[in-house]
Structures are given as C-alpha cells and as structure tokens.
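Model the placement of chains P, R and W on the given structure of chain V, informed by the hints.
There are 4 protein chains.
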Amino acid sequence: MAIKKQAVNPEDDLGFGNQAVRQRIINRNGSINVKRLGIPFFSTTNTYHRLITMRWPAFWLTVLVAYIVVNVFFASIYLSIGIGNLHGTNDNNVSNPFLNAFFFSAQTLSTVGYGHISPAGVIANWVAAFESMIGLLAFAMATGLLYGRFSRPSAKFVFSDNMLIAPYALTGGRGLMFRLANMRLNVLLDLAIEMTFSFNEVVDGKTIRRFYTLPLERSKVSILTLSWTVVHPLTEDSPLYNITPEDMKNSMATFNILVQAFDDTFSQTVHSRTSYQYDEIVWGAKFTPAFFHDEAGLVHLHLGKISDFEQADLPEIS
Amino acid sequence: MAIKKQAVNPEDDLGFGNQAVRQRIINRNGSINVKRLGIPFFSTTNTYHRLITMRWPAFWLTVLVAYIVVNVFFASIYLSIGIGNLHGTNDNNVSNPFLNAFFFSAQTLSTVGYGHISPAGVIANWVAAFESMIGLLAFAMATGLLYGRFSRPSAKFVFSDNMLIAPYALTGGRGLMFRLANMRLNVLLDLAIEMTFSFNEVVDGKTIRRFYTLPLERSKVSILTLSWTVVHPLTEDSPLYNITPEDMKNSMATFNILVQAFDDTFSQTVHSRTSYQYDEIVWGAKFTPAFFHDEAGLVHLHLGKISDFEQADLPEIS
Amino acid sequence: MAIKKQAVNPEDDLGFGNQAVRQRIINRNGSINVKRLGIPFFSTTNTYHRLITMRWPAFWLTVLVAYIVVNVFFASIYLSIGIGNLHGTNDNNVSNPFLNAFFFSAQTLSTVGYGHISPAGVIANWVAAFESMIGLLAFAMATGLLYGRFSRPSAKFVFSDNMLIAPYALTGGRGLMFRLANMRLNVLLDLAIEMTFSFNEVVDGKTIRRFYTLPLERSKVSILTLSWTVVHPLTEDSPLYNITPEDMKNSMATFNILVQAFDDTFSQTVHSRTSYQYDEIVWGAKFTPAFFHDEAGLVHLHLGKISDFEQADLPEIS
Amino acid sequence: MAIKKQAVNPEDDLGFGNQAVRQRIINRNGSINVKRLGIPFFSTTNTYHRLITMRWPAFWLTVLVAYIVVNVFFASIYLSIGIGNLHGTNDNNVSNPFLNAFFFSAQTLSTVGYGHISPAGVIANWVAAFESMIGLLAFAMATGLLYGRFSRPSAKFVFSDNMLIAPYALTGGRGLMFRLANMRLNVLLDLAIEMTFSFNEVVDGKTIRRFYTLPLERSKVSILTLSWTVVHPLTEDSPLYNITPEDMKNSMATFNILVQAFDDTFSQTVHSRTSYQYDEIVWGAKFTPAFFHDEAGLVHLHLGKISDFEQADLPEIS
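Chains as they are written, first to last, in our numbering: chain V, 1 to 318; chain P, 1 to 318; chain R, 1 to 318; chain W, 1 to 318.
One or more hints might be untrue.
Chain copies aren't distinguished; within one or between two, either way the pair holds.
As the list claims (entries may be wrong) - Below are the DSS-like pairs computed for lysine-lysine, each with C-alpha atoms no more than 25 Å apart in a straight line: (1) 220 <-> 249; (2) 206 <-> 286; (3) 206 <-> 156; (4) 156 <-> 286; (5) 286 <-> 35; (6) 249 <-> 206; (7) 220 <-> 35; (8) 220 <-> 206; (9) 35 <-> 206.
In case anyone wonders, no lab produced these hints; they're calculated from the structure. These numbers were taken from a predicted model, which means no experiment stands behind them.
The following block holds chain V by itself, in its conformation from the complex (with noise of 0.2 Å):
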C-alpha cells in the first residue's frame, strides 16, 4: 500500500468516526449517507425542516391536502349541526348537503366570504367565527413557508464530474484537481474550499478508516467570477504522492469536499459538499478551458463545459 502512513495525522478525522466503510459517507450531490433513528418525527423543527426542504411538486400537493382535509372537517360540522344552519343553499344549485357545507367552509377559511350562503343560529355562527380564524392563521403559516422555502440560502456549484490526476506546471509534476462554478446568478465571495482524503487501512488485522486533509494550492479565493481549478500538488508531502489506481480502488479511496461561500445576494454564508470515489478519477488527463472571449471582448463562461478534459501525458515520479 503506497499511502504513507506518517503523513495521516488522527486528528484530521472530520467527525465520520474511524469505521470502515462501505459506501461513502457523503454522496455526489452533498447529502450525508448515515441513517439516524430515533429522531421524533412529530416535532414542530422537524416539521418545520421536511415543509422546507420537500420538492416543490410534493409541497404544493401537501397544502392542496389540507385545504381539502380542512374543509372537510369543518363542512362535517356544519352538516352535523343541520345544513338548515346554512341561509342560501337553496340557491346555490348544489343538491348535496356535504357539497354546499363545503364550499361554504371553503368560502368560509379562505375569507373570501361572499355571503350568497351564510351562517344563521348560535352555533354555525360560533364555527364560522373559528374557522376564519384558522383560516388567517394556516394563510400565515403558507406565507412563512413559501417565504422560508424561496428565501432558503443556497448554493448550487456544478462539480466536474471527474477527478483528474493531470500535470500541474507549477512544481513540474502531478496535481490531484476537480473544477467547479456557480450555477445560480448571485455573486459568490470568499469562497473557501477543504478537502479530505479517507481510506480504508489494516492496522491489526482490524480495518479503520482513516481521514486526512489535503493542503491546496490555493484553498480561498476572494470572488468567484469564472471557474476555479482546485489543485491538490502530488509532491513528495503528499499521502498521494506515489498511489497507483489499485491503491485507490484496494482501501476505498475517498476524497470529501466541502465549499463555503459569500452569497452577496443575500448576504449569507453558504455551504456545499461532494465527494470523488475512485473509479471517478480519471489518471492523464487535463480540463479544456470552459470559458472564451467574443469579438467584444466579453468573457463568456461556458457551464456546461465545466467537466471536459483531455488526454494528457504525466511526469514520472522520481
């Protein structure tokens, strides 16, 4: 096994523990692949969480749900305490009871009211009164969602979808490098990049995982304005320096990303992960440049051209 072991530092765990592991722990589109039991599924932050994050087709179906289930409910009521309670189903050309307690209730919780079937007695009174009040609250609690899930800070990079092992010109020798840009309009700032290299490694007859940071060529930039090569140098410092495919497929081989950013948008700190397996590296090869200027001069940045490489010799290794 050509990962050296002096370089691994225990420390550099970044909270996965040191099992050995099967399948990554973080997948390609950043979300984390632990099953977590025992987390109450009924509470208001959970709730909360899943009406958030849902996709936008599910969550527009879960508010058409309980607008209906809602109606119903309170229609149920209307119907137990006599349709009579309702003035103007006579003239509504609904013939079903339900019907016309329902599209009184919708009437009723949406507050749109028109009154050509309105409440008469105490106690159909006294439930309107409740509904529009349930009413204006779940009309709140739409507003805060829809609010919460549009305003909800975000990143979306493209990655490359292969790690390349290419020359890199700076030391004359190898670089471990992915690419990656914005894919949404608002400007990034400060963008900080970590990433961390696990494997799986025998110690005692007992297989570990072990985590180590890799140094970047340059692990900050202050703007992102085009795309940015993230470049860990293959130099003698290097776990990496003289790995061979096998190596990497043998122990499993991992790399973590995580990516930080300023969205002066919105003015929030926004975070991104993935993560290269070994069979998602590609050993000689080099990203073709993404972006090219028109007549104008103007720099056109090309994102669907962020993972094209090409072939490319490697330098030995001494």
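Showing chains P, R and W alone in chain V's frame:
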C-alpha cells in the same frame, strides 16, 4: 482538596461572577439559573421574545384569547351604537344582540365579510372600516410571529445522561467524557465545544466560586455525521488529575458545556448548552457504540443509545 | 497636560477623523452625532429604514394615515365615476355620497367585501378589482414591515450612569470602570467590548482630536449571566495613568464604548454603543453589588442597581 | 514597463483567471462583466433571484400582469362552465359575459368576495374554492417577495469619481487615493477594504493578466461616521512606485475594490464593489474636505462633495 490550585486561571471566569453557589448557573436543559429584576415587562422586544419562545399550546391559546377579546371589544362598540345599525341580524337566527354584534365583528376582523350582516349608518361604517384594518394588521402580526417561531434557529442535541470517568486509550490514562448527537434533520457543520469546570473553594475563610476551561482532546469537528464523544484527558496538567468523587461533591463541582454549530439547512449559527453536576458523573465506565452497519453497509445511528455505557476498569493514577 | 503622548497611536482612529470636536460623536444612547447631507430621501432602502426604526406610535399613525389616504383616493375615483355605480348605498343609511364611496373603498381595500355595497358597471368593477389587488399588496407590505420591526436584532444594555475611577484590587492601583447588564430576556453569548479614549490636543497651535484604544482587564466573556464590570487598569502603560479631572475637562475627554454580542435566542450578532464624557466620571468610588442570593440559593440580579456606587479611597499614584 | 515584476505574487489572483482582458471584470457599479452560459432559466432560486433584484417598476408591472393573467385564466374557465353558473351578473350593469367572469374571478382571487356575483352549481363552486386558495397562496408569495425585496441587505456607498495620485504627508511621498462614504441611513461598523491592481503583461510573447493586492495605509475602521480616504502609499515596495500614466494605459491598469461592512441596523454583513480604470486616475491632485462644522459644533458631511479635488504638486520620485 485535590483540585490543583495553580492550574486555575482567574481569567477563565465565563461571566458567571465568583459567588459561591448552591445551585447550577446553567441548567441541564440549557436555561440560565439567574433571576433578573427590573426588566420592563411591556417592552416590544420582550413581548416578542415571549411570544416566540412560549410553548405551542400556550401560543395558540394566546392567539385564541386575543381573537375573542378583540371581538368582544368591537361587539361592545357596535352594541353601544345600537344593534339597529347592523342590518340583517333579523335573519341570522340569533336572538342575543351581543352575539349578533360579536359574530359581525368576527366576520369583519377576519375580513371574511359574508355580508348577511352589514353595517348601516356613518358610525357603524367607520367602526367596521377601522376594525377591518385592525384585522389586516393582526393577521400580519400573526404571520410574522408564526414565521418567527418556525424559522427560529435552534439546535437540539441529545447529550448523554452522564459524564464518565473512563479509560482513555490515547494517553493510557483516564478521560472525562460525555457524548452528544444531533436530534434534528439538518446537517451541522463546524461544531465547536467549550467545557468549563467550576467549583467552590475556600479562600481566606470565604467560599468563592472558581472557573477553569478544560482543554479537550478535540474541540472542533468539520461535520457531525455520527455521535461525538467529547474527551477531557485527565493528564497531570489537568486540575482534575487526582480528584476523587468526594472532592467533587464537597466543592459542588459542575461542568458547563457550550456547543456552537453551523446549521447547513438554514445557514445559521446555532448554540446549545448543558451542564453536569458531581452526582451525574459515573466513575469507571465507558460508552457502548450507538451505531451499527446494516447488510448494505449503511451506517445507522441510534439516538436512543447515546447515554448507554458499561463498566470499565480505570487505570491507576501514579 | 498629563496625557502621555507617546502612548497615542495615530492608527487608533476609529473612523472619526481627527477634527477637534465640541460635541460627542457617539451619544449616550448610541446614536451618531454627524449630520449627513445629500442622502436621497425617497430611496427604497432609506424609506424601509425609516419605517423599521421609527417609534411604534409614529408607525401606527403612519399606517392609519396611509389607510385613510388610499381610501380617500379611491373614494374620489368611485365618486367621479358616479355614485350610482355603487349599488346598495341607498340601504346603507349614509346620505353623504363621498362617505358611501369611502366605506365601499375600505371594504374593498381590506378585502372584507360585505357586498351590501357592490360595484356595478365596467369601470367601477375594474377599479374595485384593481383596488383589491392594491389591498393585498399593502397587506403584504404591512406584514413585512411588522415582521421586520419585531424581529430586528437589537441589544438593550443598561450601562451604569457613571464611569468610576476606583481602587483596583488586582494591580493594587486604580482602574477606570463602568458596568453593564442585559435588559432583554434573551441570552447573550460571546460579548466583546472595545473602549476608545478620545481627547483634544494642541499640535503646532492647532487643536486636533486624538484617539486611543484602551486595553481592558478583560474584553470578552463567553456568556453574560450577571452584570459585567469592565475595567481599564490605570497602570503606568495607560495614557491616563496620572490624568487629573482638570486634564479631562480641558481636553474634552470622551470614552466611546462599542459592545458586540451574539443573541442566542435569534442567532444574530447584536451591537450597542455608548459614551461617557469627562463630566460623567466619578473620582474615588466603587460599584456596590447589584445581585443577591435568596434563601433557596437562587441568584437575583437587580437591573435598577447597576449604577449604584459608594465612595472609596483611591490609592496614591507614585 | 515600470511595473516591478518581482513584486507580483501569482497567488494574488482573486478568482479572475489570468486571461488578458479588453474590458473590466468588475464594473464601476459593482456588477460582474462575465456572461455565464448554461444557467437554468426556470430554476426556483434563479426566478426568486430575478424577482428580488429586478427594479421596482419592473416588479410592480410583473405583479400586475400576473394578476391579470391569472384572472383571465379563471375567467375563461368560468365562461366555459357557462356564465349562467355565476348568479347576480344581471344586476352588475356589465353586459360582456367575459368581463363579468373576470370581475368575479378578481373578487375571488383577492378574497374580497362581495357576493353580488356568486358561484352556483357544483363545478363553479369547486373552481371558486380552488381559486380562492390560489389567491391566498399568491398573496403569501407576494408577501414573501416584498419582504425579501425590502429587507435585502445592501450597502450603498458613494465612491469618488476618480482615484488620485496625491501627495501623501505620512511618507513624504505619493499615495494612490480614493474616497467613499455611506449613502444609507444605517450605521456601518467594521469596514474592511481590499484593493487589487490588475494589468496586462507580455510573458514569452503572450499577453496575460496579472493581479496584485495593494497594501493600504489602513484597511479596516471600526465605525464609519464620516468619509474615508483609502490610501495605498506609493513607497519603493509598491509595484506602482515609478509607474507613469502611459504604463497604466498600455497595461490596461485596473483597480478593483471590494468593501465589506457590518450593517448595525439590520445586523447583516454587506458588501460593495467598484473599480477604477487607468483613465479614471488623476495625477497631481488632492481631495478637498467634504464636511464642515456648524456654529453649534455639529459635524455636517456633504455626500455630494465626496468626489471634489484640487490640483496639488507631487513630490519627485528619487
């Protein structure tokens, strides 16, 4: 008394003052055990603070009571103007004039406005116009409060029930340990922990309270994916090196824990606090694993097992 | 003049410029004593700023006036179309056509829409459709403003009325001290304080203003549970070592205080400012305790006693 | 070429890449001069971004158009169901069935619901119930958008129109200077400035772009109360020590400015950017004061005079 005096730095006070205490300053649930007198009850910020931090049942009750109180108030006004200025009450099947005024008020405040009861005359129309504006603003406030309640940054950690004096493999000696995990669905980054040891000491016949920040094996992790066992190694440098359970009890030893993390879902810094007292320390025990791998290799973390420990022999102190 | 010139670092200017002043730059309540000319009055941000920071009575009055003005505007339009295009005004017991139009407008703007008055004809219907949209948006704005006002991060500290020149036990000499405590219900973490001493100095016959950041016994605490007495020790290194009350008066000595903290309830960084002038310094006094323990051992902090001090003999300066 | 090559650090690239440019990367108003291709147009985040950052007239127009489009959509549905299913249209003095359906739709969407037109029959009632729910949600979205627009953190600085090569008293030599002040009503704390000098250089016959971060006399101030004159001293260490106007023009010299500050009113970090090109540099000039004291001693800062300068003789370069 075995607490090593020279190790205690007067600068390690965390803003608690140096009064001898008979109670914890930080409770187990993180609240602060100091009563402040003279805080203005009706200041806007404190009212907002109370409405945001009160429990949900209390909040809903407050909203309901406020709704009824405001409607009673406006109903009284309509009644004093004369119920004859509300048209349509004859068809409402409600004989009590006050209830008729109340229901009309509710329909106005919630802007449902069926119109089967409607204001007539200049004064009733003015009051109704004003009440509907109040309704709009009350609705606006409810929206803000609900959003504020839902979106309030909060970390919810599960801390182990006990702190352990456990064997600590890295030094071959002992360690003071507790364990924590994330109870929320969100991903926590950049966790940092600060542990303070406080105890009573008799100086010149007067009992004062001393504070000491304990160095940790590791005080930061980049990402919390599993549980985290926080360790203060009981080396010779530690003020707790040769402390006994009796020392702890006599000095009312307390360990205050401050946790800080970055919530990746909502891009907010979150804090949590807890404390352990001398009677929550277990001597000679070690934590048992709280996670396991399923057949597919996926890691499962069982939050209900965070507090589980088993007996363990402690190495002797030289 | 006893202020030690060599101790003053020209780099300690806090962005105040070096003009001699006849007034404080930072007022006691934290506002800035500079008038800026040329700020655009009607910019969106400045309007929002004003609506968020104005006092509550002024805010409610603004909302009420806006509501009336918009309704008067739309009432005029309905009137110019012709009151006959509003059906139902005959039964409203209001003889004044303008008032009828006004009340209809209010019912439309607030979306209460009883319907006892309703638009008739194409133009009145268009205007009503437009007005109800305006009503929705105005409501939306009010919601945002109210939430912005409620949730605005703010620290409210009570600062002692005076700064004291007090005996300082730790050095056996004197200290310049003031005291502060938290007036809010929230918990404050990571407090940091910066104290700047500014004074007039005559250089080449011209009076200029000098600034000096004073080192503090402690400039940070992790958590503020009680009151905090901030101390600048008057050691030989201090530019104030042998200053006299006359020196302070003659040089218009001012002490500017910047406080920063983290509000744990709302996860926001909050700031506060204040200043003390030469005539608010008390020579030869010390603060009396502002807290006590009740029988149960619970600590009570009395915010009204933060300013309380008693006479104390000052040690001589060698 | 007088730009001192040895002073240029390849690590000072700010994420701009090293392409020779014919245009600024950062425009005077702070926007970025790079066109990105391949950003998904209809992503939620980018739509939100556009709605938040578009100008106010465009925003109001978008809202108005959306309101009309949705009402036209629902009016068509009511019409296709049959105008006879909307009761009360006969008394509405509107003969066009589409307009009647449109006005009913508007009354439903805005939840004003007068009720002089009301739905009749099962289908019309279902559509109305659904439309009022859509109205509630649309209202909720408008609320979120308006709040997002109002509360978006933003710094608005006025930068001097020109950078000056001015005499610099502190070194007795020259300085490169510009001036800025705060155009907002809020108080700015902890300002930090970063100035980057970029220029074209011919290396091996190929023109590349170099970047160099210029050290400043002062790069931070604690509080911005007046204007701030930012100075890069043209000492021998500066890469600009003996640069000439011709050098600047030939190398397309550009100065990029990044400003960061903490907005005390809304507790948010705000950023601003600008740039100066070679043709915006004035040689041999100095800024004239932009503030004055009135009789009461109050300082007045005149934002309109931030750019004002007068001729000044430059000291010779040895």
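Status of residue 206 relative to residue 249 across identical chains (alpha carbons, at most 25 Å): within (18 Å within a copy, 42 Å between copies)
Homomeric proximity label, residue 286 with residue 35: Cα distance no greater than 25 Å: Cα proximity of residue 286 and residue 35: across copies only (24 Å, versus 37 Å in one copy).
Alpha-carbon proximity context of residue 206 and residue 286, limit 25 Å: between (38 Å within a copy, 21 Å between copies)
Within, between, both or neither, where residue 35 and residue 206 count as close if Cα-Cα is 25 Å or less: For residue 35 and residue 206, only the intra-copy Cα distance (24 Å) is at most 25 Å; the inter-copy one is 53 Å.
Up to 25 Å CA-CA - residue 286 versus residue 156, copy category: within (24 Å within a copy, 42 Å between copies)
Within, between, both or neither, where residue 220 and residue 249 count as close if Cα-Cα is 25 Å or less: neither (30 Å within a copy, 30 Å between copies)
Identical-chain pair category, residue 206 with residue 156, by Cα at 25 Å: Intra 39 Å, inter 35 Å, cutoff 25 Å: neither.
Homomeric proximity label, residue 220 with residue 206: Cα distance no greater than 25 Å: neither (37 Å within a copy, 27 Å between copies)
Homo-oligomer pair classification [residue 35, residue 220; C-alpha up to 25 Å]: between (32 Å within a copy, 23 Å between copies)
Violated hints, in rising order: 1, 3, 8; the structure is consistent with all others.
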